[in-house]
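Participant: Sequence:
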Amino acid sequence: MNCGLEVRDRRLLASACPTLCAHFAWVAQCDKTMSSTAPVSDDLAVFDAVPDATVPGHIQERRAIVFLILSGLFLGTLGMLNILGISRFVKIFSYHGLDITVAVGALPYPLTFLCTDLLSELYGQRRANQVVWVGLLLNVWVFFIVWLGGVLPGFEATDPATGEIVRDAADRLPVFFEIRALTFGTVFASMCAYLTAQFVDVQLFHFWKNLTQGKYLWLRNNGSTLLSQLVDTSAVVLITHFFAGVLPIDPAQALWPQLFLFIAYGYAFKLVAALLDTGPFYACVYGLSKYLWIESPVFATPSQPQADDAS
Numbered sequence: 328m329n330c331g332l333e334v335r336d337r338r339l340l341a342s343a344c345p346t347l348c349a350h351f352a353w354v355a356q357c358d359k360t361m362s363s364t365a366p367v368s369d370d371l372a373v374f375d376a377v378p379d380a381t382v383p384g385h386i387q388e389r390r391a392i393v394f395l396i397l398s399g400l401f402l403g404t405l406g407m408l409n410i411l412g413i414s415r416f417v418k419i420f421s422y423h424g425l426d427i428t429v430a431v432g433a434l435p436y437p438l439t440f441l442c443t444d445l446l447s448e449l450y451g452q453r454r455a456n457q458v459v460w461v462g463l464l465l466n467v468w469v470f471f472i473v474w475l476g477g478v479l480p481g482f483e484a485t486d487p488a489t490g491e492i493v494r495d496a497a498d499r500l501p502v503f504f505e506i507r508a509l510t511f512g513t514v515f516a517s518m519c520a521y522l523t524a525q526f527v528d529v530q531l532f533h534f535w536k537n538l539t540q541g542k543y544l545w546l547r548n549n550g551s552t553l554l555s556q557l558v559d560t561s562a563v564v565l566i567t568h569f570f571a572g573v574l575p576i577d578p579a580q581a582l583w584p585q586l587f588l589f590i591a592y593g594y595a596f597k598l599v600a601a602l603l604d605t606g607p608f609y610a611c612v613y614g615l616s617k618y619l620w621i622e623s624p625v626f627a628t629p630s631q632p633q634a635d636d637a638s
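Counting from 328, one number per residue, gives the positions in the sequence shown under this note's numbering.
Careful: at least some of the hints might be erroneous.
Straight-line alpha carbon distances no greater than 25 Å define the calculated DMTMM-like cross-link-like pairs of lysine to aspartate or glutamate that follow [stated by the list, open to error]: (1) 418 with 577; (2) 418 with 604; (3) 418 with 483; (4) 542 with 622; (5) 617 with 426; (6) 542 with 604; (7) 617 with 604.
Hints were generated in silico from the structure; no laboratory data involved.
Sequences are here, hints too, so could you generate the full structure?
Facilitator: This is the structure we're talking about:
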């Protein structure tokens with residue numbers, strides 16, 4: 328509390344009025360208590376019930392905006408990849424006649440792990456887990472809307488005898504129903520794989536962070552993402568095939584070698600993407616930790632307490 332008075336003025340007023348003297352003593356004691364006992368948690372205080380009195384308001388606003396941006400990128404990418412799913416497979420490159428292909432829905436997926444790693448590093452495990460739960464609810468919402476769009480009556484031509492929608496000359500349903508069939512399979516597989524992989528990513532990130540006492544940023548970034556990506560890719564391929572049956576499997580060839588190739592191609596793409604995002608991850612942590620006034624053990628300076636631990 329600042330009443331705008333100089334110390335000399337306070338003494339003069341206090342000598343004239345004992346009540347003012349008691350008041351200034353009470354204010355000084357409150358200021359001392361607030362500065363020494365202000366709660367500081369692993370999660371940013373701007374999102375907690377009791378704000379951190381040591382953090383200026385404009386910095387708390389920055390932290391809120393960055394949190395919304397990272398969460399929005401994560402959730403927007405998640406919704407997009409669930410719609411795109413396996414609607415098309417694209418060739419990344421060829422090697423000695425072997426085409427390395429991945430589903431188009433997998434292209435933006437590495438960004439989700441970069442976002443959760445940044446959320447974990449900057450905002451703590453609890454906030455990262457909360458965003459993961461919101462992502463699961465987003466999957467459920469997409470699943471519900473796609474289902475609802477198919478059961479409500481439309482204007483497509485139907486067979487009078489069966490009531491089913493008439494297929495075109497190529498024996499295909501209208502575009503929405505083709506997308507709906509693919510989305511059902513991929514969203515269900517994605518919900519199962521997503522919930523497992525993202526929580527594995529967050530838990531491993533903080534396991535490595537605690538084990539290394541906040542150092543070796545590259546280890547927790549890659550160590551958590553690479554394992555969680557393997558869990559995610561395996562679960563998506565297996566669930567999509569065995570529960571939805573929408574993978575382009577050649578019945579003339581053995582099943583498991585084909586499934587293994589789908590897993591290998593998808594994981595290889597995500598592995599390369601995870602390794603390539605190490606540089607951007609370091610840059611983001613370095614820049615955002617300064618912008619948000621967050622003390623980073625990785626970029627601690629000699630004047631910071633972490634430097635003593637490192638020595």
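Participant: So which of the earlier hints does this model not fit?
Facilitator: Going through the list in order, the structure violates hints 3, 5 and respects the others.
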